[in-house]
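Got chain S; can you put chains W and D on it based on the hints?
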Amino acid sequence: MDKRLHKIALIEVVAVAAVWQILAALQWLPEYLSSPLVIGRELLAMAASGDLFANAAASLYRSVTGFLLVAVSGIVLGIAAGYFKPVGTFFTPIVDVLNPVPKIALLPILMVWFGISDTTRVLLIFLTAFFPCFIATQDGVHGVRQVYVWAAQNMGAGRMQILRKVVLPAALPKIFDGLRVSLGLTFVMMFSAEMIGSSNGLGLGFLILTADMAGRTDLMFVSIFIIALLGFLFDRILLAVRARLLWWSENRG
Amino acid sequence: MKKGWNVLVQYQSLIWIVAAWELVAFVHIMPERLFPSLAKVVAVSFDLISSGLLMENLPATLLRVSAGFALAIVVGVPLGLLMSRSALLNDVMQPMFSLGYPIPRVALYPILVFILGLGSASKITLIFIECLFPIVLNTYYGATRVGKLYLWAGQNMGASRSQIFWRVLLPATLPSIFTGLKMALPLAFIIAVLTEMIGSTVGMGYLLSYMSASLMQEKVLACVLLITLVGYLLNLLLQAVSRKYVYWQ
Amino acid sequence: MQTKTPAIEIEKLGKVYTRGKEEVTAIQEVSLQIPEGKFVSIVGPSGCGKSTFLHIVGGFIPKFTGTVRIRGKEVDKPGPDRGMMFQESALFPWKNIYDNVAWGLEVQGVEKAKRDEIVEHYLKLVNLWDFRHHLPAELSGGMKQRISLARVLAFNPDVLLMDEPFGALDAQTREKMQVELQRIWQESNKSVMFVTHDIDEAVFLSDIVVVFSGRPAVIKEIIEVDFPRPRSLDVHKTQKFSELRNHIWDLLHQDHHKLGEDDF
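Taken in order, these protein sequences are the chains called S, W and D.
Position 189, counted from 1, in the first sequence is what my numbering calls 189; the numbers after and before it change by one each time, with no gaps.
In my numbering, each number is its position in the second sequence, counted from 1, plus 1000.
In my numbering, each number is its position in the third sequence, counted from 1, plus 2000.
It is worth saying that the hints were derived from the structure and are not from the lab.
Please note that the accuracy of each hint is not assured.
Stated by the list, open to error - Here are some of the chain S residues that sit facing chain W, going by a computed Cβ distance under 7 Å:
1. Pro93
2. Ile94
3. Ile104
4. Gly184
5. Ser192
6. Ile196
7. Met220
No experiment lies behind these values; they were computed from the predicted model shown.
Glycine included, each C-beta is placed from N, C-alpha and C at the ideal position.
Pulled out of the complex, with its shape left as it was, chain S reads as follows (with noise of 0.2 Å):
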């Protein structure tokens, strides 16, 4: 089912794309809606040059970092929150207050304090990834099933025993859920960010604000198609690691 979504989505979007390109041909199309074929020209051309790299390394660069801070802190933090009733209690009031504060909105302060640099966008990408994996995380572990873990305690285990070779692989859909929607978050506040504190700096995001300033809305269309190229790439692995770890689950998506 899957590989043949992916064979109509390739098909719809050669579709789309030659459409595009004929109507911008036909020069039925304003000029500033380019065309695939131009589009295409400029991302070899930055390619080849090497801005495409420099550019996406860095953006890549802010949204892995924030990503594996978000992980290992949500996921630990969430398991912890889960297991050890004290310390969810602790948690809760904490998520229940920064929870629904837009992150976004932050960013000024955030701004302010840690200037326009990488520290002020890794922080951002942080506080908004951080909660659906930890939310996630806790509700994995609280939602396995009490006969699972039982069995192993009539078996003869430990409390660290269950966590580990219990509760955790139990939890793993549902902390894989969590990962998922904070990677997407990631990327998102990623090219927020850039897009927001305009500078003279490396970024996906910084390329389309100048690509914007100068006009050259192919550029635009580039950084736009490699953004989403990435997103839908590292959604991917992702998925390819999660199908990997839970290879005895049912649900593997």
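Using the frame of chain S, we list chains W and D on its own:
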């Protein structure tokens, strides 16, 4: 007495944080305008309301959120329902939504601005696109998961296809539709604020930039507080509506 | 049987499923006639296809061979002439009890006054009139099935089809429901096709018990049960009851040595 103590223990994490913050602010480790006391922030929030700044900007944001959100519902719910009924339509549209999900749609904003300008149009369009995804997907999954027993019972009692659609499929899908709405509304609000922070002349996001230009962080944080409250109230409103229409769960 | 038009006439009904490249025959050419006003049970080993059989008669499963006729008229789609009681509650959770029972009548355009009359009659018949404003989620399993029965009687179908309606209930509730069902059935006088795996239930309730074989399903034997009505639960204790029961049990267990790979 014991009850009061229990409440304190339960909320201790918040109490610690607030206490630590106020201490840092009090001791002036950082200049006051950079690190304001939380009490000051709350006070300034009231100022923002009474000075009318809030009311100057809130309607614009609410308008954009409502417009984008409503459009997404009007297009998304029927689309999701139709996709569940028609294999052909599903084949065409499903790849877009399932595979397009991890693509950051905010990346489209600059292009939208190029085409539609910096006003509300580009913002509403982005909100619409963003909200479409959770609404269509949740509606679709809800409709396909409607227990076939309900559909069979309807047919058994002599209902026509149209009656089954409106009187069985739709109510049975309603819980999932609301799940999609509950996911989409916060997104709508966040995107509205985000887009207003970039070159806008009105709105909560603009207010935030405006406060930020004053270099007085208590104003900035006050604005953050108000933005959070508005978002929170919007979600509360949706929850109330959801409870009214999905009263059977 | 009788020369009158049977309530349900099934002629050479067959159903074959294709699983990938394999073809599995679920039902193999079953012919059966159910006379007007009789209560007929179908028993068979688990997975033998008796439920599928019932759903085909109900019109919920397309693509079958053979014909199904209700009072002489051929049918192949769902419709209000065959009232179906499902194994799981199919009461609409978003409507209260009253509206659930009235639903079939509403949808067919019966005017309000007549609707109210019918709904009241059947809700009182199943002794749940006091619960008419409750939501299904607030009722127990037994109560939900009684409401399902009221709902299915309300739109006055020609015949009743029941798919192990008491299968999800505990043993004691089940017995009570059997007595209730008999009482209500006698008042309504409908022709019933009742699927169950519970032999005692089949013998207690029915005029005729049809025994299906294992997959592919064919009719092994048709047994008449002529205890006088109304039957009390004491009938379980009679010699005749045991004989019938044991006979059916033997028929069902004849195939047991043939347990196949997919029986578990």
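Hints, verified against the model:
| no. | hint | result |
| --- | --- | --- |
| 1 | Pro93 | holds (5 Å) |
| 2 | Ile94 | holds (5 Å) |
| 3 | Ile104 | holds (5 Å) |
| 4 | Gly184 | holds (5 Å) |
| 5 | Ser192 | holds (6 Å) |
| 6 | Ile196 | holds (6 Å) |
| 7 | Met220 | holds (6 Å) |
Hint compliance for this structure: no hint is broken.
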